[in-house]
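My request is simple: use the sequences and hints to build the entire structure.
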Amino acid sequence: MFRSFGPLLAKVPYATLFEHNHVLQTVFRSPADKVALRVEMPGRPEANYTYGQLQRDVVELANTLAARNEAVAATKGEKPLSWVQPPRAKDVRSCYGQGEGTPSCSVLKDTGAYGMSVMCGPGYAFPIALLAGWSLNQLVTPMSVSQHYDDELMYVLEHSGSRSILGETALLKDKFPADYDALYVRKKEDSKAYAKELLGKKNVYSVHSVFDLQALGVDAVKANEKDVLCYDTDKLDELNPVFRRWHEDPSSRPTKNDDCLMIYTSGTTARPKGAVHTHASVGNMVRVLQDAWEWSADDSILHVLPVHHVHGLVNVLLCALASSARCVFTKFDDPVRIAHRLEKGDITLFMAVPTIYTKMIAKAKNFNDKEKEAFKKACETHIRLMVSGSAALPIPTLEQFRELSGHTLLERYGMTEIGMALSQVLRPVSDRIPGTVGSPLPTVETYVYTPEDTEGGSDASKAKEKAFDEVGALAIASESLFDRYWRNPEATMKEMRTDAAGRRYFDTGDTVGVKHVAGKPSNYTILGRSSVDIIKSRGYKLSALEIEAALLSRKDLFYEMAVVGVKDEMLGEKVVAIVALQPDAAAKWNVKFEGAQKVCETEALDKELKAVAMEVLAPYKCPARYLIVPEIPRNPTGKVNKKSLKKALGLP
1 MFRSFGPLLA KVPYATLFEH NHVLQTVFRS PADKVALRVE MPGRPEANYT YGQLQRDVVE
61 LANTLAARNE AVAATKGEKP LSWVQPPRAK DVRSCYGQGE GTPSCSVLKD TGAYGMSVMC
121 GPGYAFPIAL LAGWSLNQLV TPMSVSQHYD DELMYVLEHS GSRSILGETA LLKDKFPADY
181 DALYVRKKED SKAYAKELLG KKNVYSVHSV FDLQALGVDA VKANEKDVLC YDTDKLDELN
241 PVFRRWHEDP SSRPTKNDDC LMIYTSGTTA RPKGAVHTHA SVGNMVRVLQ DAWEWSADDS
301 ILHVLPVHHV HGLVNVLLCA LASSARCVFT KFDDPVRIAH RLEKGDITLF MAVPTIYTKM
361 IAKAKNFNDK EKEAFKKACE THIRLMVSGS AALPIPTLEQ FRELSGHTLL ERYGMTEIGM
421 ALSQVLRPVS DRIPGTVGSP LPTVETYVYT PEDTEGGSDA SKAKEKAFDE VGALAIASES
481 LFDRYWRNPE ATMKEMRTDA AGRRYFDTGD TVGVKHVAGK PSNYTILGRS SVDIIKSRGY
541 KLSALEIEAA LLSRKDLFYE MAVVGVKDEM LGEKVVAIVA LQPDAAAKWN VKFEGAQKVC
601 ETEALDKELK AVAMEVLAPY KCPARYLIVP EIPRNPTGKV NKKSLKKALG LP
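Going by the UniProt record's numbering, the sequence shown opens with residue 1, and the numbers climb by one from there.
There could be a bad hint or two in this list.
Stated by the list, open to error - DSSO-like mimics (lysine-lysine), calculated; alpha carbons at most 27 angstroms apart, straight line:
| id | residue 1 | residue 2 |
| --- | --- | --- |
| 1 | Lys574 | Lys555 |
| 2 | Lys331 | Lys639 |
| 3 | Lys188 | Lys202 |
| 4 | Lys187 | Lys173 |
| 5 | Lys187 | Lys175 |
| 6 | Lys643 | Lys536 |
By construction, these hints were calculated from the structure, which means they are not laboratory data.
As structure tokens, then:
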């Protein structure tokens, strides 16, 4: 089935079966001998994987998945292909889609019958698992490799109803208990049978199969292919039953409105929700960034982010694959190693969270002048774009990294539910305004509205409004919007907002300030999460992010910071700053943490820091307390869960 073109055989490119998915189709149309992925993990041999190998491995894994699912269906007495996602009725629309139709959350059952979860770190196995799932029109849920089974992973498996787990050997062994052992598929022969005694196995939720990708040989480097992968029409019996059905009956093929990807939200303000994206919304997310940031097949991006969030998955990996570009996986374990990797000259794009840039700046202080010059020259010469996202970028960090690299980091704004919605311009760089996240991307419409519970009339509110032409809650309409929250129609509809014209928007939960510029797109500033970053104190509405940014301008004192509101009977909420100091500042004030000590707070230090705050903030914005901590805990994408942080520090 994988032979090269021959004159007597009718060959059909596999890409013709995958018109439902923009990324998958591009991968199967890309030059077979071009390097798609490179893996450079510390302590392991480096490896290159071509688009030809990617195509072949996706099909081979899809064949194994299909065989196993058919065996399970037969054991259960179900119809063949009953595990394949059924076509969505034409009158069913995305919950946030415009026009007529029944919202999907009111119709779809969300059983998980066509779902699979992936437990892989950054590397070759992850995209193979993802694309193999999409090739069979499965709903794929990436799982966090940093989570624990009893705390988070079992919640994802129970909630998603995933029938299969695809993972790397070490992660499967480390993350999942012995209950799953009997469900393993470690060689292709295992996929062809399924024992009846496993059907009632306890403690595995809906899972019936666990695919050990490394045991199946997925990440082994193989001989290069010379041509895009095709199948023989005179040997259709060699196709798996799904592909054969789609070949013989094109009307049975998936549509772009079918479920494609489920990403669980960060859970920084509530229990994680499963945001379901369709092939259409994922495709739009990718195409918008391809155009806005001018991706091409000549690009090569260094990937140092988790793959279970939009930033590392869509903005980096999927954009690279959809552009026939090269993605280089590595681990952000050492800022100096990453800096030297960027110096090699083969990387054209780099995307990271603010914490990564902060750590690189801190380590670069130890560079000598020659090393600093070499790093800056390499970045300016070879890297065309560097992006920061997933959390607010302090202006001092922006300025310090520009001095270090010669690059003004491009800032953008997005979420699990909406993909990327706002972005600063690619060029001219001079139009990137520090502290803002730019303007709406193509296909995005914004709706800035005043919530019903907004308090007004205070001098502080009026002062804030003078800095912006609009201040309010941000809602988004876009072709990149997710379809619905999995098994949660109430939460789905709760976040919907409509404007005067009846257009549907998703409420982001963020408060923004908008500045209109004559002859140019409006600029947006994220003032914070409405639920945790907008602090109501003394009748004023204060932005925690604004306070953080002002204090972090004293880069000689503050390394990182989280400002929170704490309940207070007289003030409503008291402004409290949780601070990690720069090493020199900590030494100056003799701040030390010994044993299990988590926080330091003294009256003398409070007094000094309050004096510092008065230099950069209006009095009503200054924190009332300063809690000094060794570091601010963050999730894998650099976000701070302020609710958890307050709880850990005993703050009400």
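Results for each hint:
Distance restraint check for Lys574 and Lys555: the Cα-Cα separation of roughly 24 angstroms lies within the 27 angstroms cut-off, and the hinted pair is therefore satisfied. Taking the CA atoms of Lys331 and Lys639, the gap is near 19 angstroms; set against the 27 angstroms cutoff, the hint holds. Distance hint between Lys188 and Lys202 is fulfilled; the C-alpha atoms sit about 25 angstroms from each other, no more than 27 angstroms. Distance restraint check for Lys187 and Lys173: the Cα-Cα separation of roughly 17 angstroms lies within the 27 angstroms cut-off, and the hinted pair is therefore satisfied.
Proposed proximity of Lys187 and Lys175 is supported: the alpha carbons are some 21 angstroms apart, at most 27 angstroms. Between the alpha carbons of Lys643 and Lys536 the distance comes to roughly 16 angstroms, so the proposed pair stays at or under 27 angstroms and holds.
In terms of the numbered hints stated before, the structure departs from none.
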